[in-house]
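Participant: All chains should be modelled from the sequences, with the hints used to inform the complete structure.
There are 2 protein chains.
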Amino acid sequence: MIRDWVELNMTPGIGPRAAAKLLERFGSVEAVYSATRAELEQLRLIPEAIDTIIARDLQATAEAEIRAVRKLGGDILLLDDGVYPSHLREIYDPPIVLYVKGAWSECLDRPCIAVVGSRRCSTYGQNSALMLARDLAQRGVTVVSGFARGIDAAAHRGALEAGGRTVAVLGTGIDEYYPRDHKKLAEEILGSGGAMVTQFPLGTPPVSENFPYRNRIISGLSLGIVVVEAAENSGSLITARLAIEQNREVFAVPGNITSRNSFGTNYLIKGAGAKLVQQWQDIATELPPQVAAKLLPPPFGEKKNEKSLADRLAFVPEGLNGNETSVFKLLTADDPAHIDSLIDKSKLPISDLTAALLALEMRELVRALPGKCFVRKL
Amino acid sequence: MIRDWVELNMTPGIGPRAAAKLLERFGSVEAVYSATRAELEQLRLIPEAIDTIIARDLQATAEAEIRAVRKLGGDILLLDDGVYPSHLREIYDPPIVLYVKGAWSECLDRPCIAVVGSRRCSTYGQNSALMLARDLAQRGVTVVSGFARGIDAAAHRGALEAGGRTVAVLGTGIDEYYPRDHKKLAEEILGSGGAMVTQFPLGTPPVSENFPYRNRIISGLSLGIVVVEAAENSGSLITARLAIEQNREVFAVPGNITSRNSFGTNYLIKGAGAKLVQQWQDIATELPPQVAAKLLPPPFGEKKNEKSLADRLAFVPEGLNGNETSVFKLLTADDPAHIDSLIDKSKLPISDLTAALLALEMRELVRALPGKCFVRKL
Numbered sequence: 001m002i003r004d005w006v007e008l009n010m011t012p013g014i015g016p017r018a019a020a021k022l023l024e025r026f027g028s029v030e031a032v033y034s035a036t037r038a039e040l041e042q043l044r045l046i047p048e049a050i051d052t053i054i055a056r057d058l059q060a061t062a063e064a065e066i067r068a069v070r071k072l073g074g075d076i077l078l079l080d081d082g083v084y085p086s087h088l089r090e091i092y093d094p095p096i097v098l099y100v101k102g103a104w105s106e107c108l109d110r111p112c113i114a115v116v117g118s119r120r121c122s123t124y125g126q127n128s129a130l131m132l133a134r135d136l137a138q139r140g141v142t143v144v145s146g147f148a149r150g151i152d153a154a155a156h157r158g159a160l161e162a163g164g165r166t167v168a169v170l171g172t173g174i175d176e177y178y179p180r181d182h183k184k185l186a187e188e189i190l191g192s193g194g195a196m197v198t199q200f201p202l203g204t205p206p207v208s209e210n211f212p213y214r215n216r217i218i219s220g221l222s223l224g225i226v227v228v229e230a231a232e233n234s235g236s237l238i239t240a241r242l243a244i245e246q247n248r249e250v251f252a253v254p255g256n257i258t259s260r261n262s263f264g265t266n267y268l269i270k271g272a273g274a275k276l277v278q279q280w281q282d283i284a285t286e287l288p289p290q291v292a293a294k295l296l297p298p299p300f301g302e303k304k305n306e307k308s309l310a311d312r313l314a315f316v317p318e319g320l321n322g323n324e325t326s327v328f329k330l331l332t333a334d335d336p337a338h339i340d341s342l343i344d345k346s347k348l349p350i351s352d353l354t355a356a357l358l359a360l361e362m363r364e365l366v367r368a369l370p371g372k373c374f375v376r377k378l
Numbered sequence: 001m002i003r004d005w006v007e008l009n010m011t012p013g014i015g016p017r018a019a020a021k022l023l024e025r026f027g028s029v030e031a032v033y034s035a036t037r038a039e040l041e042q043l044r045l046i047p048e049a050i051d052t053i054i055a056r057d058l059q060a061t062a063e064a065e066i067r068a069v070r071k072l073g074g075d076i077l078l079l080d081d082g083v084y085p086s087h088l089r090e091i092y093d094p095p096i097v098l099y100v101k102g103a104w105s106e107c108l109d110r111p112c113i114a115v116v117g118s119r120r121c122s123t124y125g126q127n128s129a130l131m132l133a134r135d136l137a138q139r140g141v142t143v144v145s146g147f148a149r150g151i152d153a154a155a156h157r158g159a160l161e162a163g164g165r166t167v168a169v170l171g172t173g174i175d176e177y178y179p180r181d182h183k184k185l186a187e188e189i190l191g192s193g194g195a196m197v198t199q200f201p202l203g204t205p206p207v208s209e210n211f212p213y214r215n216r217i218i219s220g221l222s223l224g225i226v227v228v229e230a231a232e233n234s235g236s237l238i239t240a241r242l243a244i245e246q247n248r249e250v251f252a253v254p255g256n257i258t259s260r261n262s263f264g265t266n267y268l269i270k271g272a273g274a275k276l277v278q279q280w281q282d283i284a285t286e287l288p289p290q291v292a293a294k295l296l297p298p299p300f301g302e303k304k305n306e307k308s309l310a311d312r313l314a315f316v317p318e319g320l321n322g323n324e325t326s327v328f329k330l331l332t333a334d335d336p337a338h339i340d341s342l343i344d345k346s347k348l349p350i351s352d353l354t355a356a357l358l359a360l361e362m363r364e365l366v367r368a369l370p371g372k373c374f375v376r377k378l
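Chains C and U are the protein sequences, given in the same order. For the first sequence, position 260 matches number 260 in our numbering, and the numbering has no gaps at all. For the second sequence, position 58 matches number 58 in our numbering, and the numbering has no gaps at all.
Mixed in with the good hints, there may be bad ones.
[As the list claims (entries may be wrong)] Listed next, the in silico EDC-like pairs over lysine to aspartate or glutamate satisfying Cα-Cα at most 16 Å (straight line): (1) U:K21 <-> U:E39; (2) U:K275 <-> U:E249; (3) U:K21 <-> C:D344; (4) U:K270 <-> C:D282; (5) C:K270 <-> U:E39.
[As the list claims (entries may be wrong)] Incomplete in silico selection of chain C near chain U, CB under 8 Å: (6) R17; (7) S34; (8) Y178; (9) Y213; (10) R241; (11) G255.
Bear in mind the hints are in silico, worked out from the structure with no lab data behind them. Just so it is clear, the structure is predicted and the values come from calculations on it, not from any experiment. The beta carbon of each residue, even a glycine, is placed where N, CA and C say it ideally should be.
Facilitator: Quick look at the structure:
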């Protein structure tokens, strides 16, 4: 029953972990409310939580909450609903209740990528967030972010610029807009087929201890997370780590080593396995193949599949110089060629050969394999 | 005999590869000069080279060359000399003759790191090159670079600022300074215990086809190469690729994705396995352990080894906050702790736990292992 879920979620001291413990122990939310004080005490909840559950202090509050959410045009998703976002359900301790507003279902049906970063950011960071969000949204990706100032706002705005969808995950109640001057941004997000999402009851103010929970929802909803700028002790670094623990792809935009706003993102690339992003394609190629295939154009244009195999093998792309053409012709898509054999066959000095291979690689025509071998990309 | 090596090296059409072929076929330089025209023709050399070898056209020129080099205070190293730089000898086709000037032996006895990049570079690039070269040279690393304008010059200057040693590898003869206005730089390099190195005979002008050969010597002499700035089609990218083929460590300094000078370095990190560099330690940690140990300070100061094991295990570093201290105490250096067990034992919400682990990691106190496990660093 929805009321019991909302009531449990509103209970002081009951976060996602305590709720998960209760559900595991008693099997259902209804059973939690039938439990005895002694049974609840075994789970080492805080006394206030036990008192509130036993006394059912929040039953009427929860009923009023549900009415208020509906009046706002919102909805409440429960962890055991079929419509609860499936990616979010997979994480370590998903919120048991999710307040949503706007076209959440259409947003979450598409591949979701989080674009996040520092509130205090540089113009470079803002522009990069805007560009990446716009390029992703243009291709049907839903851009998820945290509705904060700085990088988050730029990410939402980039998606809006492209006429795309964007989801704002809040650290407050769904009736609060924080920061206040983002009210117009919220209206634009909702007006463009976007959505607002939070785990926090109505009226929850912006308190800092809630933001890590918001961050877990941001990455939980997404296939991957792009950190655009983050200083040394930035919350975005923690978000990135949580995303790694959630088995999400983590991407970071590099920046000058002299910029404190890029210290964290450079660190993520250097020390935490984040993938470096120069452009939206760098994100798309790392997504699951069926998603990537939808986003990325086929390498040789749309007619590729109509060509016969012989045509394709005889194909030499335009705009190659002499060395590049001869090296390209020496390569096949099937048998990796070792660099030594290419030196012999091409009769090129190793530096010219390497230059040609690198040029072909950067044009995505050739792929380098381990052991100094090279093949054509088909 | 040194004259024969110099003569062969001066022969038109005989680069390192053709020389290697000749040495392989005939066993020694002397034997090359005893070969018949028919024998030489089997190796498919250019006719001019064969004529020159048979006629010994350059015998007197080579003798004059040796005298001239000695008069300049330089020396000539031969591929089969014991003093020929051992790292350079390992590469695919090392130069058979190396012209040197200055304290080349003292320079090459130390660990060598190449710091290179574009001639046309930004102030950011110049500053980064200067800083990294200075920090490395301060710790006894010899900074190798290509004596060009831009990043190369900044790298040499950084080493000089630290009072360290630096090696300039030239694409010209050792008697030419290119660019001309680098004459003072050359004097400073030689005056500070540095050296100049080239494979090209005296009087060789700066022609662009010689620069790739210079680049191969730069990386060939070095344990690793740091690319500081490189545009999309920059020669530095090719140098980096050649360095990978020489099994050298390749490092790159990231930069803003909006800067064309950083396009190449970001690409190297993203697509070619170059390691991201924020500071000199990022280079040092990737060098062979015996080299790294000399450069890097021990983690807990010099007294570490005097401490008993019990002391070391009871040690809690200063400046940790409450969560960081409790998480640090839960970790050992021997048994990796899984994140789930840390959640249980610390009673911290996963976001706080992750924040604490990340802080410990960034302070180099804790290491993340694959599979979400963590251990103390000793």
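Participant: Should the hint that Y213 (chain C) touches chain U count as held when the rule is a Cβ pair under 8 Å?
Facilitator: holds, 7 Å
Participant: Verify the interface restraint on S34 (chain C): the C-beta must sit less than 8 Å from at least one C-beta of chain U.
Facilitator: violated, 27 Å
Participant: Sort out whether D344 (chain C) lies within 16 Å of K21 (chain U), counting only the CA atoms.
Facilitator: Status holds; Cα separation ~12 Å.
Participant: So, Y178 (chain C) near chain U? Judge it on the closest CB pair being under 8 Å.
Facilitator: violated, 19 Å
Participant: Have a go at the R241 (chain C) hint: is there a Cβ in chain U nearer than 8 Å to its own Cβ?
Facilitator: holds, 5 Å
Participant: Given the hint that K275 (chain U) pairs with E249 (chain U), does the C-alpha gap stay at or below 16 Å?
Facilitator: Holds, at roughly 8 Å.
Participant: Against chain U, run the beta carbon of R17 (chain C) and see if the smallest gap drops under 8 Å.
Facilitator: holds, 7 Å
Participant: Given the proposed pairing of K21 (chain U) with E39 (chain U), does the C-alpha separation stay at or below 16 Å?
Facilitator: holds, 12 Å
Participant: So if I understand the rule, the pair passes when the alpha-carbon distance is 16 Å or less; does K270 (chain C) with E39 (chain U) pass?
Facilitator: Answer violated: K270 (chain C) to E39 (chain U) is near 54 Å, above 16 Å.
Participant: Are the Cα atoms of K270 (chain U) and D282 (chain C) separated by 16 Å or less?
Facilitator: Since the Cα atoms of K270 (chain U) and D282 (chain C) sit roughly 9 Å apart, the hinted pair holds (cutoff 16 Å).
Participant: Min Cβ distance, G255 (chain C) to chain U: is it shorter than 8 Å?
Facilitator: Because about 5 Å separates G255 (chain C) from the closest Cβ in chain U, which is inside the 8 Å limit, the hint holds.
When the structure is compared with the earlier hints, violations turn up for hints 5, 7, 8 and for no others.
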